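Student: Protein sequence lines, in the order shown, are assigned to chains A and B.
So the number in the numbering used here is just where the residue sits in the first sequence, counting from 1, plus 897.
So the number in the numbering used here is just where the residue sits in the second sequence, counting from 1, plus 897.
Just so you know, these hints were derived from the structure itself, not from any lab.
Hints may contain errors.
Any copy will do: because identical chains look the same in the list, a pair fits if it lies in one copy or spans two.
[Claimed, not checked] Below, simulated EDC-like cross-link-like pairs (lysine to aspartate or glutamate); rule was C-alpha separation at most 20 angstroms, straight line:
| # | residue 1 | residue 2 |
| --- | --- | --- |
| 1 | Lys990 | Glu1175 |
| 2 | Lys1076 | Glu1092 |
| 3 | Lys1051 | Asp1017 |
| 4 | Lys1049 | Glu1026 |
| 5 | Lys948 | Asp915 |
| 6 | Lys1038 | Glu1135 |
| 7 | Lys944 | Asp1173 |
| 8 | Lys1158 | Glu1050 |
| 9 | Lys1192 | Glu1092 |
| 10 | Lys1112 | Glu1050 |
| 11 | Lys944 | Glu993 |
| 12 | Lys1112 | Asp1017 |
| 13 | Lys1073 | Asp1017 |
Remember, it's a predicted structure, so these values are computed and weren't measured experimentally.
There are 2 protein chains.
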Amino acid sequence: MRFELTILGCNSAIPAYDRNPTAQVLNIQENLFLIDCGEGTQIQMSKFHIKRGKINQIFISHLHGDHVLGLVGLLNSYALGGRTTPIDLFGPKDLEEFVTTSMRLMQNHSTFPLHFHEVDTEHNQLVFENNLITVHSIPLKHRIPTTGYLFKEKAYPLNIRPEKITEHQIHYSHIKAIKAGADYNDNGRIIPNAELTLPAMPTRSYAYCSDTMYKEDIIPIIKGVDLLYHETTFLHEELELAIRTQHSTARQAAQIAQQAKVGKLITGHYSSRYEDLEVVRVEASQVFSNTVIGKEGEVYSVAFKQKN
Amino acid sequence: MRFELTILGCNSAIPAYDRNPTAQVLNIQENLFLIDCGEGTQIQMSKFHIKRGKINQIFISHLHGDHVLGLVGLLNSYALGGRTTPIDLFGPKDLEEFVTTSMRLMQNHSTFPLHFHEVDTEHNQLVFENNLITVHSIPLKHRIPTTGYLFKEKAYPLNIRPEKITEHQIHYSHIKAIKAGADYNDNGRIIPNAELTLPAMPTRSYAYCSDTMYKEDIIPIIKGVDLLYHETTFLHEELELAIRTQHSTARQAAQIAQQAKVGKLITGHYSSRYEDLEVVRVEASQVFSNTVIGKEGEVYSVAFKQKN
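Isolated chain A, as found in the complex (with noise of 0.2 angstroms):
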């Protein structure tokens, strides 16, 4: 049962050294997340052969243009293709304006349903929910109204001990509510449901927080989780211009993932000065050591936890 992120950009602003501006697609067991959808998305998704059909939500952090710019190319492409499942765009308040607009003056129609969500970019509040996953949002702090997503999974049922089904001699139509935590009654008997089960699979979670600059109140909302994404714009030697631009740097990302208790750390969002990304890894390693160097096409998946 997969929950794995595939980056498809990972460059700040301006495109350099092959790297694109920032997308990301998240797999839990199958269901397709979109995360953010700078220009040249679509391209990086058949580069690395990522199923696009299976994308039913895409999530907007913010109308930066690298964050968004690959968004109405992509609804297009979508429609030429004759899709015909709806989609549920997430997102700061202008993001319909933004589409509809560009989809207007394109004259461009659209084969399918888009269902616009307006996000509130302040709060921590459920945005989405199906069968599977939660996703939060998570207020950031960067120039113009912008969240981040946290992507939790729904508890797993409980694990059946089939020795236990075997010796009580239970029908089958009772296991469904003996997964979901009850106990069960043998003609008066009751058999505590601790007996008959073994702990749920631990649920996973992701937390993407992107564009943003340090901030404390995030931790939280995103303490724990298995995988966080945290920019990583600029080395903490250029704090000031993090700070004017409302970015992070490296160590600050790495300070964030420390105090929430993460279990992985992700940077991403690099400034064109650096070309080699080492330099981010070492920075961010000597706060908080499970950091990797956020790559495109680069895929990264959670396990379950081990068992204590």
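Take the given structure of chain A and dock chain B to it, following the hints.
Tutor: Relative to the frame of chain A, chain B by itself:
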């Protein structure tokens, strides 16, 4: 003195086989002109070493996404790079609303003046000129208002015959007038210009025709150009589809090239159904032999014609 076209994107609407949507750069004596700007154009510019800072004029044919969705990203990058030189932007009526709406919603602050020039897509008119060239619109027929562009060098000065200048002891202060066609007055005796000069270098020209269905009206406008780019979205076996979507077939483009007696035809805007483009070349060449397949990164130069 260069006159060369670089193809940055040659595919039609949906990017495929690593082929990008339409964009071209025309270099006339180190003046760079961008023609259309599909998604990913700025990335293609880096890949093919185009000095984008030298582009001061951008010509857009129509508002379909595959011709325009890279424009806002490029303008953003200019602003982020601190550009101060103005940009002149030419295109159909809605181009200004498309660009200004996107830039307003992104809250990007431009660092350079951006001048919009609305092009009448119904008439063949002068839309731009500088000391080197003129650019005229070419009315095309597509699903939305669309214009092509005809780039022509202005006349070169006549070539001086140095031996005649020596013979008549003509002071250098008269040379400019003679190069422009003036006779020389040698103390009352008129020496005709024809004795003092040789013909000027012939001017060179390029016509860009995309997107359009077969339209014979353009033939007088593009008559005798050195280089013609004419879209070839489909093979002729898809004529019905070409008519319905208001595109051209390879055979039709070649018929236009032949009737207009152009020097060379460059094909492009290929449907994603054609992975191998040799079929396009074969079909067009049967009608017009000097056909070359437009491919990304290829440079098509126009040399000065041999004098007869």
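Student: First find the shortest C-alpha distance between Lys990 and Glu1175 inside one copy, then the shortest across copies, and answer within, between, both or neither for a cut-off of 20 angstroms.
Tutor: neither (37 angstroms within a copy, 48 angstroms between copies)
Student: How would you label the pair Lys948, Asp915 (within, between, both, or neither) given a Cα cut-off of 20 angstroms?
Tutor: between (22 angstroms within a copy, 16 angstroms between copies)
Student: How would you label the pair Lys1112, Glu1050 (within, between, both, or neither) given a Cα cut-off of 20 angstroms?
Tutor: neither (25 angstroms within a copy, 57 angstroms between copies)
Student: Is it within, between, both or neither when you check Lys1049 against Glu1026 at 20 angstroms Cα-Cα?
Tutor: within (9 angstroms within a copy, 59 angstroms between copies)
Student: If the cut is 20 angstroms between Cα atoms, do Lys1076 and Glu1092 qualify within a copy, between copies, both or neither?
Tutor: within (12 angstroms within a copy, 104 angstroms between copies)
Student: Using 20 angstroms as the alpha-carbon threshold, which applies to Lys1192 and Glu1092: within, between, both, or neither?
Tutor: Neither, since 46 angstroms and 69 angstroms both go past 20 angstroms.
Student: When no copy is specified for Lys1038 and Glu1135, does a C-alpha distance of 20 angstroms or less occur within a copy, between copies, both, or neither?
Tutor: within (18 angstroms within a copy, 53 angstroms between copies)
Student: Please work out whether the CA atoms of Lys1112 and Asp1017 approach to 20 angstroms or closer within one copy, between two copies, in both situations, or in neither?
Tutor: Within one copy only: 17 angstroms inside a chain, 51 angstroms across chains, cut-off 20 angstroms.
Student: If the cutoff is 20 angstroms on CA atoms, where do Lys944 and Glu993 land: within, between, both or neither? Let me know, please.
Tutor: neither (28 angstroms within a copy, 33 angstroms between copies)
Student: Could you figure out if Lys1158 and Glu1050 sit no more than 20 angstroms apart (CA to CA) within one copy, between two copies, both or neither?
Tutor: For Lys1158 and Glu1050, only the intra-copy Cα distance (18 angstroms) is at most 20 angstroms; the inter-copy one is 65 angstroms.
Student: Since the copies are identical, ignore which copy is meant and state whether Lys1073 and Asp1017 lie within 20 angstroms (CA to CA) inside a copy, between copies, both or neither.
Tutor: Answer is neither: 37 angstroms inside a copy and 68 angstroms across each miss the 20 angstroms cutoff.
Student: Checking Lys1051 and Asp1017: alpha-carbon separation at most 20 angstroms within a copy, between copies, both or neither?
Tutor: neither (23 angstroms within a copy, 57 angstroms between copies)
The structure does not agree with the numbered hints 1, 3, 9, 10, 11, 13 stated previously, though it agrees with the rest.
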